[in-house]
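Chains as they are written, first to last, in my numbering: chain D, 1 to 327; chain W, 328 to 655.
Watch out, some of these pointers could steer you wrong.
One-sided excerpt, in silico: chain D residues whose CB lies under 10 Å from chain W [claimed, not checked]:
(1) P59
(2) E62
(3) L77
(4) P79
(5) M106
(6) G109
(7) S111
(8) M199
Straight-line alpha carbon distances no greater than 16 Å define the calculated EDC-like cross-link-like pairs of lysine to aspartate or glutamate that follow [to be verified]:
(9) W:K464 x D:E22
(10) D:K287 x D:E323
(11) W:K464 x D:E323
(12) W:K467 x W:E542
(13) D:K110 x W:D437
(14) D:K110 x W:E550
(15) W:K387 x W:E550
(16) W:K495 x D:D57
Simulated from the structure, these hints should not be mistaken for laboratory data.
No residue lacks a Cβ here, since even glycine has one placed at the ideal position from N, Cα and C.
Each chain, letter by letter, is given below.
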Amino acid sequence: MSQKTFGQALNEALTISMETDENVFIAGEGVGVSIHQDSNMATYDLLKKFGPRRVKDTPVSEAAIAGLAVGASCMGLRPVVEIMFFPFITLASDMLVNHAGKLRYMSGGKSSFPLTVRVKAGVGFGAGSQHSHNLESWIAHSPGLKIVWPSTPEDAKGLLLTAIFDPDPVIVVEDMMLYRMLGEVQTGDIRTPLGKARMVSPGSDCTIVAYGVALYTVMKALNPLSEQGISCEVIDLRSLVPLDKACILDSVRKTGRLVVVHEANRFCGFGAELAAMVAEEAFEALKGPVKRVGAPQIPVPTAPTHEKIFKPGPEDVVLAVRETMKK
Amino acid sequence: MKKNQIVPNLQIRLYKSMILTRKFEEKIVALSQEPDRMPGMQILANGQEAVATGIVSALKPEDVIISNHRSHGHLLARGTDLNSLMAEIMVKDKGVNGGKAGTLHLSVPDVNVLMTSTVVGAGPPLAIGAAFAQQYKRAKGITVVFFGDGAAAEGSVHEAMNLAGVWKLPLLFVCENNCWAGAQRLEEHCATQHIFQRAKGYDMPGQNVDGNDVEAVYNLAVELVEYCRSGKGPALMEALTYRMRGHGEQDRQHYVDLRELAIWKAKCPIRRYRQKLLNDGVLNQAQIKTIDQDAETRVSAAVAFGDESPYPGPETALTDVFVQPPSA
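Go ahead and model the full structure; you've got the sequences and the hints to work with.
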């Protein structure tokens, strides 16, 4: 165990994967020489360690970067490519949605695409909606793609390593607001399984599911809720596809209530899928309505006053839990 | 002065490959006119056989092909098993992709036709991945990607050419210019009539060729394939040909000038080559007849193979999405 930031943990995962397997290479805009000289960036110093054959700076060409990953993975390499900001994934989406996700199926299982796409996400750095836009439900809606979203340094390392060595395409979402967060990280090659949620804190009255930085919004709501005598069970989803249905359903069957929290737009967001799943599969256990905490249906604003309205806060979580508790 | 690489044995192979493709696709035309025989869109390259045959014949087994929606010629020239190919086009269980590709998404990694994409312009970015893998592994093979004049309007083609140029990838871009993008003529959808000239912008050699002259296509392909294999970087080859049928079999070509079609019909690459081989004494009428009949026999056998195969069973509909599917 040692103390690492989230970014350093990602960096360690990339380093270990490249030391372990010659077939791993990384590519993207500024993954070698970056405008940020910051040891909390995932690709920091990798060019120095592994050289320009394996650490490839690319032109500003997201379709080409994603195509590179699809084509190279089909030839047996394990590409780890970076799409700088989540909204830019729209430029790469044909290669991901129509190719990475579909070509194995259409080959009748003859081809496989063991590629990893790292993408930076986050709301709250004032850059506005073309740099901040969480599109996880687009990805989750597209068959053939897996998507994970770590919220701790330990899981950042473990999920990225698992993603890189997974035989299928995996999108790893990195919350920028977490890059400098410190945490205990196991040394060596650790693998966090895909499709396994993490029980953060047990409780009896209401299940709260979150992922990424939204988990910490939930944590800030726990004290005020407990002061009101409400005991919450908090689940860090970690992996959206595959989804740990059992963990959520078991918890809801115990608490009888569900609140889902994410920073993406609430309308057609990933929380809708979880709400529907619980309604279909654990309806008899529900004691109150499923509540979703997410952003209003507007582009991510730039002014701090507007950003605050966009981004769910602990008070929104408290309100949602109270509503389903009818308190 | 370009080197002539053509020897008589090769001439016979080129002819056989082209006539097999023609007979194969003519059979698809016939079957698609029968009810429920050929589900899905049938998109053919009738009249463009010399491009596929000429280029694929210039490749080595280790070379990788990325194809598109007009892929049959590429696959047949590569020696794909006729039976499982036809069965796949008929979306049958015994098809080369188990009936999950159909005519449009055929991939036959066994013969290094790594994948096809029917998203117009998607081949080139996929091809940079394949070519990068070859460069990275220091392999001897190169990658060839086929795309059309319509695809040349896609931004992804520019991205791929630029990246290939920067990284000097072993990648031959082949633009099969068949003068049509859907119902739009070349001059209506392309700012220049010579797509190969774009190569300059990516610091790669670019050349064009009469795409209905199989030997000219072959000779230029050998030259450019050698260039790519030498490690100097990518190249762009444009083969001018003509789409003799509609975009797909449902397209009745109401927008096509029949006089133009007649002009190109006279330039048919197969008729032209047959005449040349007869004139040069490489083959006689009887030998040609035997070759043509043999192609027809093989195609009929492939259809029979496809007819005997059932459609894929419901149990395979949900498989092959992931290598490692979610356990739940």
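Hint-by-hint comparison with the structure:
The closest approach between the C-beta of P59 of chain D and any C-beta of chain W is roughly 6 Å, which is under the 10 Å cut-off, so the hint is satisfied. With its C-beta approaching chain W no nearer than about 8 Å, E62 of chain D sits inside the 10 Å limit, and its interface hint holds. The criterion of a C-beta within 10 Å of any C-beta in chain W is met by L77 of chain D, whose closest approach is roughly 5 Å, and the hint holds. For the restraint placing P79 of chain D at the interface with chain W, the shortest Cβ-Cβ distance is roughly 7 Å, inside the 10 Å limit, so the hint holds.
Given hint, M106 of chain D at the interface with chain W, holds; its Cβ is 4 Å from that chain's nearest Cβ, closer than 10 Å. Because the smallest distance between the Cβ of G109 of chain D and any Cβ of chain W comes to about 4 Å, under 10 Å, the interface hint for this residue holds. Hint status for S111 of chain D: holds, given a least beta-carbon distance of 6 Å to chain W, under 10 Å. Checking M199 of chain D against chain W: minimum C-beta separation of about 17 Å lies over 10 Å; hint violated.
Taking the CA atoms of K464 of chain W and E22 of chain D, the gap is about 10 Å. The hint holds against a cut of 16 Å. Between K287 of chain D and E323 of chain D the alpha-carbon distance is near 12 Å, which keeps this suggested pair within the 16 Å criterion. A hinted pair counts as satisfied when its Cα atoms are at most 16 Å apart, and K464 of chain W with E323 of chain D does not qualify at roughly 59 Å. For a cut-off of 16 Å, the pair hint linking K467 of chain W to E542 of chain W is broken: about 25 Å separates their Cα positions.
The hinted pair formed by K110 of chain D and D437 of chain W meets the criterion: a straight-line CA distance of about 9 Å does not exceed 16 Å. Pair hint K110 of chain D plus E550 of chain W does not hold up; C-alpha atoms about 32 Å apart against a cutoff of 16 Å. Only pairs whose Cα atoms come within 16 Å are accepted, and K387 of chain W paired with E550 of chain W is accepted, the gap being roughly 13 Å. For the suggested pair K495 of chain W and D57 of chain D, the alpha carbons sit about 14 Å apart, so the restraint of at most 16 Å is met.
In terms of the numbered hints stated before, the structure departs from hints 8, 11, 12 and 14, listed from lowest to highest.
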